[in-house]
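Adding 9 to a residue's 1-based position in the sequence shown gives its number in the numbering used here.
There's no promise every hint is true.
Said to hold, decoys possible - Here are the simulated BS3-like pairs of lysine-lysine, each with C-alpha atoms no more than 27 Å apart in a straight line:
| hint | residue 1 | residue 2 |
| --- | --- | --- |
| 1 | Lys-217 | Lys-206 |
| 2 | Lys-243 | Lys-217 |
| 3 | Lys-77 | Lys-206 |
| 4 | Lys-295 | Lys-206 |
| 5 | Lys-243 | Lys-77 |
| 6 | Lys-217 | Lys-295 |
Hints in this document: simulated from the structure, not taken from any laboratory.
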Amino acid sequence: MKRRVPVTFILPSAVVLFAVAAFPVGFGIWAGFHQWNWSLGQADNWSFIGLDNYVRLLGSPEFWNSIKVTAYFAVVSVAVELVVGLGIALLLHHNVRASWFFRSAVVFPLMVSDIVAAVIFSTLLDPTLGTFNYFLSLFGLPGPNWVGNPNLVILTLVMVDTWWQTGNIILILLAGLTSIPQDRIDMASIDGASGWKMLVHITLPALKPFILVALVFRTIDALRVFALAWAITKGGPSRATDVAQLYIFKQGIGGFFNMGYASAAATLFAIMVGLVSGVYLLFMRKEAP
């Protein structure tokens, strides 16, 4: 009887979880082994083709370009957000003047959805009417084409993502800074540690678990980027921002309606993200005391 009680409470949640997660995942994996192209009138017709979709996928330059673009975006955005987030967290932890305002400013972007952030920055970054280029012109500086230059556009997305998501890292690191025992800081001060030495030998080692948690969450989230690229650039110019999620979307309901191929691409990309997550988790387990 005692065993039935927890099972009774868990069962409804387990059923819902299966319905909204496990079943769609299983269906997507199954669809990846079939020829299922709505544009060819195959919405109700399936034909098993084995690994053909995956073979075609692995030989597709466009798919590997999307993986490369996604990896570059994730690495650069997470690195920038971690550095910026650590700096701001340290300032806020030391109760700088008007810290209440900056704490509120940090949280505000987190309340904005990715599509709203993309629309806001699409206006600000407009090469002719945008606010960014207007301020540059006040100083006699030429305004770049933020979203039309293939060499600059991915960094533009990084900038937008940094504004939007750095708050998550700041909140995690602030929690870590608060957890550092004050007596450890006092003892280090008595021993003559201050400034840079305090940061390197006391603060950063204590923050290591929190930094790893922030890296895991932000890396996984950055690898799933979609709305920013879709709303701001549609993957252009010249596929410079054609991230993996956007590539999958275009192959499926966003354009070609090749649902079997898109399902195979989604499955393969999910495996890649899972491997990255696994490496992070193994490292966290290794570093755990």
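Okay, the hints, checked on the actual structure:
| no. | hint | in the structure |
| --- | --- | --- |
| 1 | Lys-217 x Lys-206 | holds (16 Å) |
| 2 | Lys-243 x Lys-217 | violated (37 Å) |
| 3 | Lys-77 x Lys-206 | violated (38 Å) |
| 4 | Lys-295 x Lys-206 | holds (26 Å) |
| 5 | Lys-243 x Lys-77 | holds (17 Å) |
| 6 | Lys-217 x Lys-295 | holds (12 Å) |
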